[in-house]
Each structure stands twice: as structure tokens, then as C-alpha cells.
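Work out the full structure: start from the sequences and follow the hints.
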Amino acid sequence: MIRIPTSALIGLVITAAYFLAALFAPLIAPFGVGEIVGDVWEPMSSKFLLGTDGIGRDLLSRMIYGGRTTIFVALAATILSFTLGTILALTAVVVGGWVDMALSRFIDLIMSIPTLIFALVVLSVMPVTILVLILVMGLLDVTRVYRLARAVAQDINVMDYVEAARLRGEGTPWIVFREILPNALSPLVAELGMRFIFMVLFVSTLSFLGLGIQPPDADWGGIVKENKEGIVYGIPAALIPAFAIATLAISVNLVADWVLSRTTSLKGGR
Amino acid sequence: MSFVVIKLVSQRIALGLLLLLAATVLIFIGTQILPGDVAQSILGQSATPEALANLRRDLGLNEPALNRYFSWLGNALQGDLGTALTNGKDIAESISGRLNNTLFLAACAAVVSIPLAIFLGLLAVRYRNRWPDKMISAITLATISVPEFILGYIVMYFVAVKLQWLPSVAIVRPDMSVFDRFEAVAMPVIVLTFVVLAHMMRMTRAAILNVMESAYIETAELKGLSAFRIIASHAMPNAISPIVNVVMLNLAYLVVGVVVVEVVFVYPGMGQYLVDHVSKRDVPVVQATGLIFAAVYILLNTTADIIAILANPRLRHPK
Numbered sequence: 001m002i003r004i005p006t007s008a009l010i011g012l013v014i015t016a017a018y019f020l021a022a023l024f025a026p027l028i029a030p031f032g033v034g035e036i037v038g039d040v041w042e043p044m045s046s047k048f049l050l051g052t053d054g055i056g057r058d059l060l061s062r063m064i065y066g067g068r069t070t071i072f073v074a075l076a077a078t079i080l081s082f083t084l085g086t087i088l089a090l091t092a093v094v095v096g097g098w099v100d101m102a103l104s105r106f107i108d109l110i111m112s113i114p115t116l117i118f119a120l121v122v123l124s125v126m127p128v129t130i131l132v133l134i135l136v137m138g139l140l141d142v143t144r145v146y147r148l149a150r151a152v153a154q155d156i157n158v159m160d161y162v163e164a165a166r167l168r169g170e171g172t173p174w175i176v177f178r179e180i181l182p183n184a185l186s187p188l189v190a191e192l193g194m195r196f197i198f199m200v201l202f203v204s205t206l207s208f209l210g211l212g213i214q215p216p217d218a219d220w221g222g223i224v225k226e227n228k229e230g231i232v233y234g235i236p237a238a239l240i241p242a243f244a245i246a247t248l249a250i251s252v253n254l255v256a257d258w259v260l261s262r263t264t265s266l267k268g269g270r
Numbered sequence: 001m002s003f004v005v006i007k008l009v010s011q012r013i014a015l016g017l018l019l020l021l022a023a024t025v026l027i028f029i030g031t032q033i034l035p036g037d038v039a040q041s042i043l044g045q046s047a048t049p050e051a052l053a054n055l056r057r058d059l060g061l062n063e064p065a066l067n068r069y070f071s072w073l074g075n076a077l078q079g080d081l082g083t084a085l086t087n088g089k090d091i092a093e094s095i096s097g098r099l100n101n102t103l104f105l106a107a108c109a110a111v112v113s114i115p116l117a118i119f120l121g122l123l124a125v126r127y128r129n130r131w132p133d134k135m136i137s138a139i140t141l142a143t144i145s146v147p148e149f150i151l152g153y154i155v156m157y158f159v160a161v162k163l164q165w166l167p168s169v170a171i172v173r174p175d176m177s178v179f180d181r182f183e184a185v186a187m188p189v190i191v192l193t194f195v196v197l198a199h200m201m202r203m204t205r206a207a208i209l210n211v212m213e214s215a216y217i218e219t220a221e222l223k224g225l226s227a228f229r230i231i232a233s234h235a236m237p238n239a240i241s242p243i244v245n246v247v248m249l250n251l252a253y254l255v256v257g258v259v260v261v262e263v264v265f266v267y268p269g270m271g272q273y274l275v276d277h278v279s280k281r282d283v284p285v286v287q288a289t290g291l292i293f294a295a296v297y298i299l300l301n302t303t304a305d306i307i308a309i310l311a312n313p314r315l316r317h318p319k
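Order-wise, the sequence lines are chains Y and L. Position 113 of the first sequence, counted from 1, bears residue number 113 in full-length UniProt numbering, the numbering being contiguous throughout. Position 254 of the second sequence, counted from 1, bears residue number 254 in full-length UniProt numbering, the numbering being contiguous throughout.
Calculated directly from the structure, the hints in this document are not laboratory data. As the structure is a prediction and not an experimental result, all values here were calculated from the model. Possibly wrong hints are sitting among the right ones.
[Stated by the list, open to error] Here are the simulated lysine to any residue pairs, SDA-like style, with alpha carbons at most 20 Å apart: (1) Y:LYS228 to L:ALA160; (2) L:LYS134 to Y:GLY210; (3) L:LYS134 to Y:ASP257; (4) L:LYS162 to Y:ILE235; (5) L:LYS280 to Y:LEU211; (6) L:LYS162 to Y:VAL232; (7) L:LYS162 to Y:PHE243; (8) Y:LYS228 to L:SER279; (9) L:LYS134 to Y:SER261; (10) L:LYS134 to Y:ASN253; (11) L:LYS162 to Y:PRO43; (12) L:LYS280 to Y:PRO215; (13) Y:LYS228 to Y:ASP217; (14) L:LYS280 to Y:VAL132; (15) Y:LYS228 to L:LYS134; (16) L:LYS89 to L:ALA252; (17) L:LYS280 to Y:PRO127; (18) Y:LYS228 to L:LYS89; (19) Y:LYS228 to L:LEU163; (20) L:LYS162 to Y:THR129; (21) L:LYS280 to Y:MET126; (22) L:LYS280 to Y:GLY210; (23) L:LYS280 to Y:PRO43; (24) L:LYS280 to Y:VAL128; (25) L:LYS134 to Y:ASP217; (26) Y:LYS228 to L:VAL266; (27) L:LYS162 to Y:GLU229; (28) Y:LYS228 to L:LYS162; (29) Y:LYS228 to L:PRO268; (30) L:LYS162 to Y:TYR233; (31) L:LYS280 to L:LEU163; (32) L:LYS280 to Y:THR129; (33) Y:LYS228 to L:SER94; (34) Y:LYS228 to L:ASP276; (35) L:LYS162 to Y:GLY234; (36) Y:LYS228 to L:PHE158.
Here it is in C-alpha cells:
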């Protein structure tokens, strides 16, 4: 039986709740995502648990469907950046030489432009669809995964057991998948959580700027944008997605922290 | 100044210029990588052939991409950023006032956040693992987990709407007095401070803690010096270079945070200009503003590296 510390348990429960709500959105949501069911900005009531939004749609339903879009896009972009970043980094380390040099300098170059600015420049000529968003976000974030994975893999690459495998005559795929990857996994998994959070914040920011998920589809950043005028009249509808994003971010952080500390203590420093 | 330092600094400046040149290439390619045609994607599927041909001519799309890049770069170097597609105005002219506004906002945020972050960092180290440290860490974790725009609305909701201390939008006009100007930017400055404070404070704390583990600090402790004395006169001088680095990196971060915060508070700066024209698909404006943001970012990063080189005493006395 694994003992889970309280903070990680709280993080796990909240994260799981958001993911389950996203998965079963059509079953849980009391109303449709674009259905106009009440008055403008109705307060919280037993019929509308979180009130209604700027044009009378049920806010709870929109939050559930919005969470679905936000989590899906962020997850897809994270998987893309992770797979590509890790493959590139391991290639760079194992092959070495000019491949490593060229890849690393190219990544430095991409990182010399702020991610948000670069995303805005690219999105100015791209059709804003979910697929394009995932691609742009995922590809731009490859840089950070690459840096971490390369640093970790480089440490492992000079270990005795990797040397032994080489002398044994194992091929490059064996070295990558049987020697380096299993040992690099735990820091990478913790980073996975951080990257996912970054993606949630990133897609929310883009949607808020009107360049992410397009209406009538809902997502958390978009809900803030739709309800921001209400703030001036003291209607807190725009702060509900804020609460959702913050709690999701903090709980994934707690889980990632726990994964990192658990795996490091098991494997003695790595 | 020894030869080594001059050599390292000039190498770093050359690298910065090279990065800037490469950034112009990236920004240019970034707007051309579509498989189809930029004119088509700006006007949409329903565009008439004449409109498409006109726009292609205006954008110079009939020329090869390499020629377009060099003429764009050449003009930009001479301060000519071209004209906006949407209103035909000169971009350099529209930008200059907005750039001033943005720099004013960023400078105010920097003046507030840097001393505060260093003070809080010192405080966290002084009371390490006790409640002031834990409280500061908890608050910074919370502010890191919330995107800038949401922080903006939270501050707006409580400060401007519930307490009514400050106006909810930051409108700045050229004829405003200095005092009015400060009042107008107060709320965006609060938000930006929150945004960078967390990162800056955490890194300051880590930098000082790193120094605190060294042997000479233990000696100072054994001499019986007070905790603040040790931090201020023994740990600080050696932590300056990492802290300056942190501050510079966060100023670079500020440049990006400004984009979102300007939109939240309807502040007439560069960020708002950029976002407006991205949704209008005004490619020349996006290229020009993107270039300026990238240039400022690279400039700050290069400065951080140069300060780190200059602050490293080991390089000043080569063996």
C-alpha cells in the first residue's frame, strides 16, 4: 500500500474530478452548451447553480463543456510537445556531434522570441481551428521539453551501465529505450505536469485574446472574455473560470511535486 | 578591465546581434509558412479574384520571398516599418506613442517589483522554513498558477468595483498630468507586479540560499554575527550576479506580460496594438510589433548575460 501525503491526495482528487467532468460533460451538464435558458447574468440559484452568463446561458454547463475543450487542447498539445521534444533530445544526446549542435542552437533561436509573441505572429496568418492551436502550442513548447530532456539524458548517457551496454554491442534503439528512457522518466513525468499547466494557461490566454477557441464553443479563457463586461457592474461571472484554472493548476502542481519526490527517493537521487 | 572580459562581452554582443537577425528571419517565415497563400487567408474563402490580386500587389507577394524579406529588413533598419493594411497609416508613427506608453507601464512595474522581490526574498531566507517563508511561498505559488489576465480581473473586481479606489480602465491621453498618469497605470502595475514578483522572489531566495551553504557563511555564523548582518554583508555581494540575472530575465518576462495586461485594462500600448491587428490579420503591423517585442526581449537577455560576466570576479583577475 502506497502512502499518499495529504497534499498530493487533495491534488489527485481535484485533478481527477476535473478530468471526469471533462470526460462525461454531456451527462453531467444540466443544459446544452449554447442553449439560452434564462435572463442575462442571473445570480446563483437552485436552477442555475453558478448563475447565467452575458446572454443568458447556464454558466455551470458552459464551465463543464469549457473545461472539456480546455483540458483536451492542453493535453493534446502537451503530448505533442513531449513526444517530439523527448525524441529530439534523445537523438541529440545519442547521436551527438553536429546533430546535437544544430538542434540545440536551433532551439536556442526559437527561445529567443517570447512564446506568446511568436504564437501571435503565426496565428495572424493561420485559420484559428483547434488543430492549428494544438500544433502551434505543442511545437512552440517543444523547446522547453527538449532542454530538460537533453540535460537529463546527457547525465545518463555517461553512466557506466550505458557504457556497458555499448560495449556489449547493443544498437542505438536499445540504448535509447532500454537504458536511457526508463531512467529519465521520473523527472520527465514531473515536468509533464508543469507543461500541462502551462498549456492550460496558454490556451486560456489565447482564447481570452480572441485568438484561441472560437465562439460558440466554450472554453475557460473564452468564458472570461464573454463575461468581462460584467466585472464593472460587480458581477463575478468572469471570476468562476479563474477559480477553475487556478485550482486545476495548483492541484496538478501538488501531484507533480509528489511524483518527483517519490521517484527521487526510490531511485537515489534520480 | 582585462582582455578576457572584453573578449567575452564582445562575443556576447555579437551573439545578441546574430540572434536578432535570426529572429527577423523567424518572424518573417512565421507569417509565410502557410501552405496556401497569405492573401487568401487574410481575406477568407469568399474573396473576389480582384481583391486577392490587389492585396497580393500591396503585400508584394508577386515577388520572390527572399526579395521581400530583404526589402522588409532594409526598410525596418531605416525605421520604415511599412503601412498598416487596415487603415493605411504609417506603422512607425502609430507605434512610437504606444511604445512610450508600454515602456512607461513596464518601468513603473519594474520600479515597484524589483526592490519588493529582493526584500521578500531576503525575508524568506532569514525566516527559512518558518511561517513567513511558508506564507510567501504559498502566495507566490498561487499567483504563478493564475494567468495574467485573470489576475487582472480579480484585482479589477476587488479594487475598482468593490472598493472603488481606482478606475477600472487605464486610459492615458497625451494631455494628462503626471499624477493622473500614475493613477491611471496603478492597477496594471499592481497586476504586473504580482505576475513577476513570484518568479523573481523565488529565484532571489534560491540564489541567496545557494550562497548561504558556503563555508565562509558558516565562519561568519561562528563569529557570532547577527543573521541580517550575515545576509547583507556576506551573502549579498556574492548573490548579486545571480539576482541581477533574475531581475533582467523577469524584465524580459514583463515585456510579454504587458501584452495581456494592456488588453485587460484597455491601455493604449504596444500589446493591445499587436493583439488588435492579429485578429484583423494585418500582417505588416504584426511583423513590425513582433519584431520590436523580440528585439527588446533579446536586448534584455543579452544585458543579463553581460552583467553576469562583469560581476564575476574570477574573470577580472585571469591567472
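Does the structure break any of the earlier hints, and which numbers would those be?
Those not satisfied are hints 2, 15, 16, 18, 20, 23, 25, 31, 33.
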